[in-house]
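Given chain S's structure and the hints, the job is docking chain F onto it.
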Amino acid sequence: GAVVSQHPSRVICKSGTSVKIECRSLDFQATTMFWYRQFPKQSLMLMATSNEGSKATYEQGVEKDKFLINHASLTLSTLTVTSAHPEDSSFYICSARAAGTRTGELFFGEGSRLTVL
Amino acid sequence: ILNVEQSPQSLHVQEGDSTNFTCSFPSSNFYALHWYRWETAKSPEALFVMTLNGDEKKKGRISATLNTKEGYSYLYIKGSQPEDSATYLCASNTGTASKLTFGTGTRLQVTL
Numbered sequence: 002g003a004v005v006s007q008h009p010s011r012v013i014c015k016s017g018t019s020v021k022i023e024c025r026s027l028d029f030q031a032t033t034m035f036w037y038r039q040f041p042k043q044s045l046m047l048m049a050t051s052n053e054g055s056k057a058t059y060e061q062g063v064e065k066d067k068f069l070i071n072h073a074s075l076t077l078s079t080l081t082v083t084s085a086h087p088e089d090s091s092f093y094i095c096s097a098r099a100a101g102t103r104t105g106e107l108f109f110g111e112g113s114r115l116t117v118l
Numbered sequence: 010i011l012n013v014e015q016s017p018q019s020l021h022v023q024e025g026d027s028t029n030f031t032c033s034f035p036s037s038n039f040y041a042l043h044w045y046r047w048e049t050a051k052s053p054e055a056l057f058v059m060t061l062n063g064d065e066k067k068k069g070r071i072s073a074t075l076n077t078k079e080g081y082s083y084l085y086i087k088g089s090q091p092e093d094s095a096t097y098l099c100a101s102n103t104g105t106a107s108k109l110t111f112g113t114g115t116r117l118q119v120t121l
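If you're matching them up, the sequences are chains S and F in order. Residue numbers for the first sequence follow our numbering, so the first one is 2 and each next one is one higher. Residue numbers for the second sequence follow our numbering, so the first one is 10 and each next one is one higher.
Just chain S, with the same shape it has in the complex:
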């Protein structure tokens, strides 16, 4: 099946620093990638939809200047948490949809656990 690689899997940073998380589709082209965040005992919450070559679409309540998303190629999307604070500590996971379908299954990365001290 299709493989999505995400890293780093874990990152610890100091408050005020920026952290970049990468999401790569290894064996298929992903015109659309999705970024989710999961707090303990909660569901995966969609943060933004990333479209190759265009600006990301952010969900209500998600600050676009705080969570910068870049989808410069058909195989790579990045999420940068800028000026991270302890409340940004969470589990972040990306997924990609195979081209040509809206109902098709998503292929997920392994997720990244961010801890901001």
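Calculated from the structure, these hints are not laboratory results. It cannot be assumed that every hint is accurate.
To be verified - Straight-line alpha carbon distances no greater than 20 angstroms define the calculated EDC-like cross-link-like pairs of lysine to aspartate or glutamate that follow: (1) F:K78 - F:D26; (2) F:K51 - S:D28; (3) S:K42 - S:E111; (4) F:K78 - F:D64; (5) F:K108 - S:E88; (6) F:K68 - F:D26; (7) S:K42 - F:E48; (8) F:K78 - S:E23; (9) F:K108 - S:E64; (10) F:K66 - F:E54; (11) S:K42 - F:D26; (12) F:K51 - S:E111; (13) F:K51 - S:E23.
Quick look at chain F alone, frame taken from chain S:
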């Protein structure tokens, strides 16, 4: 129902037991229902994508049914094995939006 809800939150069964979980989702503007299996420290893996009312899908010992009119889906595991231990997520794709709304998952633990 406004959100995707799953029950139970967790389940502990013995090897060989059969079990099932429920996913409830908004029935209006339904487009598709997804089931994923998520093992610890791994990526969620797609099990089924279901679109038609009355649909039933099967993969090995795992099967799922779909009722779009009343907004629920069941996932069944026959003869549970320890390797079935995982969190099972369902997600609904509604209206014209292409994004998925996830439930909180059912965490299954199968012991010997």
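| task | If any of the earlier hints don't hold here, list their numbers in rising order. | result | Per hint list: 1, 5, 8, 11 violated.
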